[in-house]
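S.K.: 130 is the number that UniProt numbering gives to position 130 of the sequence shown; each next residue is one higher, with no gaps.
Where hints are given, some of them may not hold.
Stated by the list, open to error - Below, a list of computed lysine-lysine pairs in the DSSO-like style, where the Cα atoms sit at most 30 Å apart: (1) K225 <-> K159; (2) K22 <-> K193; (3) K29 <-> K193; (4) K34 <-> K22; (5) K164 <-> K22; (6) K68 <-> K159; (7) K22 <-> K68; (8) K233 <-> K159; (9) K186 <-> K235; (10) K170 <-> K226.
The set of hints was computed from the structure by calculation and includes no laboratory data.
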Amino acid sequence: MFEFTIIVPVYNEEENLDRVEKELLAYTKIASKKTSILFVNDGSKDNSQSLIEAICNRNDAFHYINFKENRGLSAAIKAGFDHVEAPLTGYIDSDLQTVPEDFNLLLQHIGEYDLVTGVRANRKDKFVKNMSSKIANGIRRAFTHDGMDDTGCPLKVIKTDFAKRIPMFKGLHRFLPAMILLQNGKILQVPIKHFPRIAGTAKFGLWNRLLGPLMDCFAYLWMKKKYINYEIKSKG
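Model the full assembly from the supplied sequences, consistent with the hints where possible.
M.R.: Below, the structure written as structure tokens:
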């Protein structure tokens, strides 16, 4: 029985998947929890699905979901949450600008916390990407008051029961810590390593990183007002 499942959203990442397999397989051998991998192919138009199937055929701990068409990162993460059976859920981008071994840093704290997210120390992105991300994170903090410095960091660990209760909408992958707070959960950020993208192309431009998140903040505020939260005291 796996204790920890890592969701890996994939969209046109055929150039990265060989390295993804090697690094994730190596991580399963040093992971502090028994770990499985769940690829979510978000309607890739390249050879990603064939590569994913080959990876899963030769690795028992690797599995996949293949979307009929491209639905976006939030949908891919939501599908991962829906299908994970392990008590802990992780998330990492297939560009591997963060590394799986840093999951062990996050897992050290997940007992006390319900979501532990990485903070990309010494980011290796280009100036425009860094600045737009900093501005977007500042906007999100002002709206959500979640205290997180890097909500877009693609390395997170979440208790699965909390993850399954997140009412996902497009863009909500940027608000995962805030959505845990709405459930009265506890969140923590931990510094992790960050590396330049080696292969493939970034899927988000200036609009996605800056103007899109601003619009999503208003959707979050609406959801916060309407959010239903309850705890069961007893059942008979």
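S.K.: Does each hint hold? Answer for all of them.
M.R.: Evaluated hints:
1. K225 <-> K159: With Cα atoms ~24 Å apart, K225 and K159 stay inside 30 Å; holds.
2. K22 <-> K193: 18 Å, holds
3. K29 <-> K193: 20 Å, holds
4. K34 <-> K22: Judged against 30 Å, a Cα distance of about 17 Å means the pair holds.
5. K164 <-> K22: 29 Å, holds
6. K68 <-> K159: 28 Å, holds
7. K22 <-> K68: Cα-Cα ~27 Å, so holds.
8. K233 <-> K159: Distance ~21 Å between K233 and K159 Cα, so the pair holds.
9. K186 <-> K235: 26 Å, holds
10. K170 <-> K226: 17 Å, holds
Checked against the numbered hints given earlier, the structure satisfies every one of them.
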